[in-house]
Structure formats: C-alpha cells, structure tokens
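Model the full assembly from the supplied sequences, consistent with the hints where possible.
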Amino acid sequence: MITVAGYELDEARRYGAEGNLWVADVDACADAGAIAVAGVVRLGLDPLGAQSSGDIVAISFAAVGSLLAPRATFATVEEAKFVGPLRTPAGGRLRAFNEQALQAPGAINADPLGVWLVELVDVRATELDTLVCGEAALRAWFERSLARLRNEGMIAE
Amino acid sequence: MIDAGSVSAACSQALWHGITAAMAPGDPPVLSFCRPSAPYVCIGYHRHLQELDLERCAELGLPVVRRQIGGGPVYLDADQLFFALSLPAADAPVGVTRLYEQLLGPAVGALQALGVDAALAGVNDIVAAAREVPGTGGGGIRKVSGTGGGQIRKVSGTGGGQIGEGVVVVGNVMFAFPHERMAAVLSLPDECMRDECLELMRAHVGALPALREEPVKARLTDAYAAALGRAALSCGPVPREGAAIAFWERRLQDRAWTEGPALAPLQGPRQVKIREGVWCRERDAVARTPGLVSCS
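Protein sequence lines, in the order shown, are assigned to chains A and B.
Using this note's numbering, you'd call the opening residue of the first sequence number 1 and step up by one each time.
Using this note's numbering, you'd call the opening residue of the second sequence number 1 and step up by one each time.
Rather than coming from a laboratory, the hints here were simulated on the basis of the structure.
Here a beta-carbon is modelled for each residue, glycine too, at the ideal position from N, C-alpha and C.
Any given hint could turn out to be false.
Here are some, though not all, of the chain B residues that point toward chain A, as calculated from beta-carbon distances under 10 Å [as the list claims (entries may be wrong)]:
id, residue
1, R67
2, I69
3, A89
4, G122
5, T158
6, Q162
7, W257
As structure tokens, then:
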C-alpha cells in the first residue's frame, strides 16, 4: 500500500482515470500479487470515487452474464438525492457482483479498497494496459484527480 | 423547451427519461413539461414494490411506474405539472448540493414571481409557507407573501440523476394533492400508521391551487432561460429524442423493469418520508396512540 495525500492506495492494482475505479486481479485482492494481463478482474471504487459519491444508500448491478463494453454501466448507485451510473473502465462479461455491497452499500464508503463491486471475465489485456498503474504514475494521477475534485468542490480541502 | 401537454402515465415519465438519455456532449439544455392524463403511482429506482399496497393500487386503477431516479412512492395525477431540466452531464453542476441549488433555484424563483413564498429546503424540497384555503379539500394552500407566518409545506417533489450522458433534475408543481389517495396506496403495517401518515401529509405536503398551468410554465421557462443564459426555443423532440422517449415508454411498462433491480431486503420498522426532516415511523405511530399496542 502507498499513501498519496493522506489516501491509501494499493499500487498493485490499476485505476480507471475517468471514474476513480480500481481494477484488480481476483487473486491480487487476497495476496496483493501482480495484476493479470487478462482473465478475471474485480472492480471497485477508489477512495476518491467513494468520497465524491457521497453517502451511498443503494446500489444495483447489471445482470450477471452481461457483456459490457468499455464505459458500459455495470452498476447504478444512489447517493442521497441522486442516482447515477458506474461505468467499467474495461470491457468484459459480468461474472458476479458483491452481495455484501448490495446488502450494505455504506461499506463501500467505509472501505472502498476492501469492498469489490463486480467481477468481470474475458477482459482484454489491451484495455487493462490503458489504465493507470505503477507507483509513480499512480501518485501523479491521483494527485491530479484530488486537485480537480477539490477545485470542483466535490471534496473539501 | 418541449411541452408535451397531457400524456399517458408512462409517457409522462418517458418524456424526460428519453430526452435525458438522448443527450450528447455539447447539446443545449432541454426544459420539458407535461401532465399525466390519468393518475398513477411512481416509485424510485432502488425502492421495493412491497412499499406499495399493490392490490389497492389495482383496485384504484393505478398503474405503478418505476423511475430511473431515486425517492419513495409518490401519487401523481393530472393536477400536477411536471417539469424537467435535462442537460449534458459534462455541463451539469458538480455535486448534489450545487446541482439542486443551481437547477432548482430557477423553479423557486418562478414560484416566487407568481406570488408563492417558495424556498429550497434541505437538499431538494421546494417548500412554501402557507395557510389553509377553505374549500380546497384540506390540501390546498395559498402563499401569503410577506406575512412570515404559517406552516411550511412541501409544494414540489423533485429528484435528479444521470441517464446515459445526460443529467436531469425533475420536479412537479402540485395544483391539488389528494393526501388520502397517497396514504391509501402505501403498504403499512396497520391503519393507525396510515392515519398518522395521512395526518403528517396534510400538515407537511401542500398544493398551490391558486396557480394556473400556463403562467407557471411561462415563468419556469423564463427563469430557466435566464439562469442558463439562453433564449427559450419552443419545439418538439428531435428524432433521436423521439426514439429514446419511445424506448423508455416501452421500458417503463415492462414488467421486469417495474419489478426493479435486486435489492437488499427491507429491514427494520416501516418508515415513510413525508418531506425533508419529517418521517412517519411505525414505532412512533404506535407510541402516539394512547393505549395502543397494535392496530392490526
């Protein structure tokens, strides 16, 4: 784990620059190993994604078995007073969603790195390669994201 | 500006779902209006159908429509004017509080221009100080501007969300509101909680019977045009909006859609939100009824 501006991040994961989502190999969630180049991955909100979403009161997921293109909606999340989509940074087939997130959506805010949302299979390595990874790139991207969200008033200084 | 006039229940929701879903980056914002030609019940995306007494809805001939945005069950009918502002997501104010402040502010201003002492309460309730108007069925209120007295009531229900590449904020202006019907369609543990809900709705949800539809639409159009710095252009849906509206009209009547997504089961005592900061809770209803253990 690394700390950037007070936020903990797992440098073994990749991150979708647009939606503040992390992408990790299923095994990497358990042992922090290197991400697979393709295969089964899990998606979740990174700490900025969780914080900027506000208090999540409900989440629902696309149907298991759905074939999702990059930027397709894999979940619909409801914070207080607003409902919006979560979009996958990489395409794949939705294999499973996390029942814990469905049952207790507040856990996503409480532990964004620990609560995965969906598992995708048949993810293309070329799409994973477009995600942010590696400590230096991760630090630079995350600091830019934080500055943007603070500038937009989404996150307090 | 698109004014669809009086439309079916499904179309009254499909209109703004479709316009928003059809939004593309760079598109101009669209203010839409409609009124449902027949009453129905509408429920938020992440809410259980079990919150409704579906048998009672059927008896009353009320279809149930699930919307893509949030919030609890609401009774909607021809005495309500719906307005919705749809705009590209990239152009929407960032953050829920700012979104509602900026996109409901014009609606509040329009009501104020019509003599209603309207204000935004909480995040997204539009309320007005009011007094009872005799002969309006108990639900009617008329704002007495500048008196500073009177009960604060919700006069417009609103919500917001992102659909596709568009963001929408939708609301209604209630010219009348049948509190009894609203209370009747809820699934509640007993009749004393229904009575409690009804009492709280009468106290905290009101209507604006002195207003008329055309002036309200005119003021809303002017207010949003001014806020957005644009001239209002009245038109019909462009083809891609029309196609999206038709798609949503089918979807909103699809049984699987109405059933809704998989959700966590309902837990805890039943509670009904009346307006921002006002709840009717199962335990409270029982506790406030002297000598009552349970009405059921």
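Are any of the numbered hints broken by this structure? If so, which, sorted upward? 7
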